[in-house]
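*Asks:* The chain contents come next:
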Amino acid sequence: MDIFLQQIINGLVQGSIYALVALGYTMVYGIMGLINFAHGEVVMIGALVSITVTSTLAAAGMPIGLAGLFGLVAAILVCMALGWSLERIAYRPLRGSPRLTPLITAIGMSIVLQNLAMIIWGRNYLTFPPLLPKVNFEVAGAHFTLVQVAIVLLSAAMMSGLVFLVYRTKLGMAMRATAQNPAVASLMGVNINRVIAAAFVVGSALAAVAGVMVGSYYEIAHYQMGFMLGLKAFTAAVLGGIGNLAGAMAGGVLLGVIEALGAGYIGDLTGGFLGSHYQDIFAFVVLIGVLMFKPSGLFGEKTGDRA
Amino acid sequence: MSDILLEAKAVAKHFGGVKALQDVSLAIRRGEIYGLIGPNGAGKTTFFNCMTGLYIPDGGGFVFDGQPLKADAPDRAAERGIARTFQNIRLFGNMTALENVMVGRHVRTKAGVFGAMLMNAATRAEEAAIRQRAIDLLHYVDIADRADDLAKNLSYGDQRRLEIARALATEPKLLCLDEPAAGMNATETEELRVLIEGIRKDGTTVLLIEHDVKLVMGLCDRVAVLDYGALVIEDVPAVVQKDQRVIEAYLGA
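These protein sequence lines are chains C and H, in that order. First residue of the first sequence? That's 1 in full-length UniProt numbering, and the numbers climb one at a time after it. First residue of the second sequence? That's 1 in full-length UniProt numbering, and the numbers climb one at a time after it.
Hints were generated in silico from the structure; no laboratory data involved. Check each hint, because a few of them may be wrong.
As the list claims (entries may be wrong) - To be clear about the criterion: a stretch of chain H counts as covered by chain C if any three or more of its residues have a C-beta under 8 Å from a C-beta of chain C, and this derived list gives those stretches: (1) 22 to 30; (2) 92 to 99; (3) 119 to 131; (4) 219 to 226.
Ideal Cβ placement from N, Cα and C applies to all residues, glycine included.
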């Protein structure tokens with residue numbers, strides 16, 4: 001029983017990171033029907049920027065908590081600029097071209113960013129400075145750390161912020177209007193280019209936070225970390241119904257829990273033949289299953305209300 | 001300030017071999033209700049689409065409020081003060097009536113991405129003003145009681161009213177209504193007539209595309225008739241009604 005509870009907790013933590021990243025995929029898809037496969041790389045850049053800034057400031061004698069905060073803010077700003085540039089340079093010129101073209105460009109941008117990061121930060125694993133004191137909690141035999149608590153709380157806060165932005169602000173209203181009918185939205189005075197750019201910028205800000213979370217959770221970061229994370233988050237978005245905000249959040253958390261439970265029990269289930277390092281197969285089994293049996297995802301019925 | 005609000009200068013638009021608009025020139029004066037009529041396929045909606053930037057004309061252009069109107073920039077046209085409704089209603093169905101109108105306020109407000117993310121005092125005040133103005137507009141078109149219903153759940157007549165409210169939210173100098181009375185019964189059409197007259201009285205110039213000849217003749221100060229993409233006549237209703245070419249265009253004689 002305690003392994004069950006333990007894996008649920010681990011799954012929630014991992015899942016809230018997936019959810020943050022999945023939101024970036026789903027917002028862009030909802031507004032312009034593009035799957036931005038370079039989104040995982042934005043997460044990676046966020047993690048690496050925050051390592052550099054945090055370690056530099058900490059080495060200069062700043063308290064680690066404060067340095068970490070600066071690192072987070074720097075990561076957010078860099079990633080927002082990166083998301084904006086991606087849209088401006090790679091995707092906007094391809095607006096109106098066949099769907100496959102921007103998709104291939106997205107994969108290309110992902111490779112470019114990975115290599116760029118490798119040139120800047122090197123090919124070795126970088127240690128992520130511990131931002132929070134190592135405090136352990138125990139509930140009913142399951143253990144969790146302060147970092148895990150912080151990840152879940154911060155994710156929840158970011159997601160509520162996004163929901164507020166999309167459903168309560170003028171920008172969010174413009175995003176939803178654009179998702180439903182770009183031509184009419186522009187006739188009502190909405191600048192479509194600006195709305196699309198905003199979706200990239202906001203999604204990238206979430207990705208930056210996710211990057212810092214992954215980094216401080218595993219205490220490690222490197223130039224390829226965004227690839228698998230990006231695929232998993234994409235899976236989460238598809239699971240929830242791509243283009244749907246609630247779907248991305250639910251899909252992320254659900255995928256995290258499925259994966260954690262799978263990893264926890266796979267040894268028992270296969271008589272020790274497969275170990276927990278095979279946990280990745282669960283995400284992709286889920287992806288294939290969703291695509292086969294419910295391609296629209298869990299929340300995918302309402303195709304109209306996408307952003 | 002010129003008396004002319006919108007001037008079309010030899011606007012032409014072809015779709016393949018079909019000449020949807022052939023050198024159409026007309027002028028809409030400030031403060032008038034201007035009717036644009038013609039049989040099906042005469043090019044009325046094409047004219048609208050060229051004017052609002054949805055289509056790029058193949059020839060000619062528009063001067064609006066003393067400045068040329070840039071083609072292919074619908075959001076700029078809205079910013080300049082042209083708003084429209086659609087022949088086939090195009091609301092944001094999965095947003096509430098109130099939210100639909102709030103989208104229309106977009107162009108008259110400033111806060112951007114950072115404002116929305118930081119929610120500073122100026123942004124919050126602006127959001128509140130947007131909401132209040134949208135509520136006022138729903139009252140204006142008399143559907144305030146449906147504010148929180150999804151647009152797709154409104155009745156047909158209310159959806160037409162909502163489209164007008166959304167267009168008015170952009171504070172247009174020129175309001176273009178594309179067949180607003182289509183599918184309406186006599187009572188609804190009469191209510192619409194009162195609404196359009198009210199809008200004009202409040203200072204907005206109205207361009208009306210309409211099939212209902214009776215409504216157009218009763219409401220408009222001047223009327224232009226299109227047939228096969230060409231302008232037949234532009235004059236006051238009394239003259240247009242008696243024009244032999246117009247009668248032929250409508251009766252196909």
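*Asks:* Each hint should be assessed against the structure and marked as holding or not.
*Replies:* Evaluation of the provided hints:
no., hint, result
1, 22 to 30, "violated (count 0)"
2, 92 to 99, "holds (count 5)"
3, 119 to 131, "holds (count 5)"
4, 219 to 226, "violated (count 0)"
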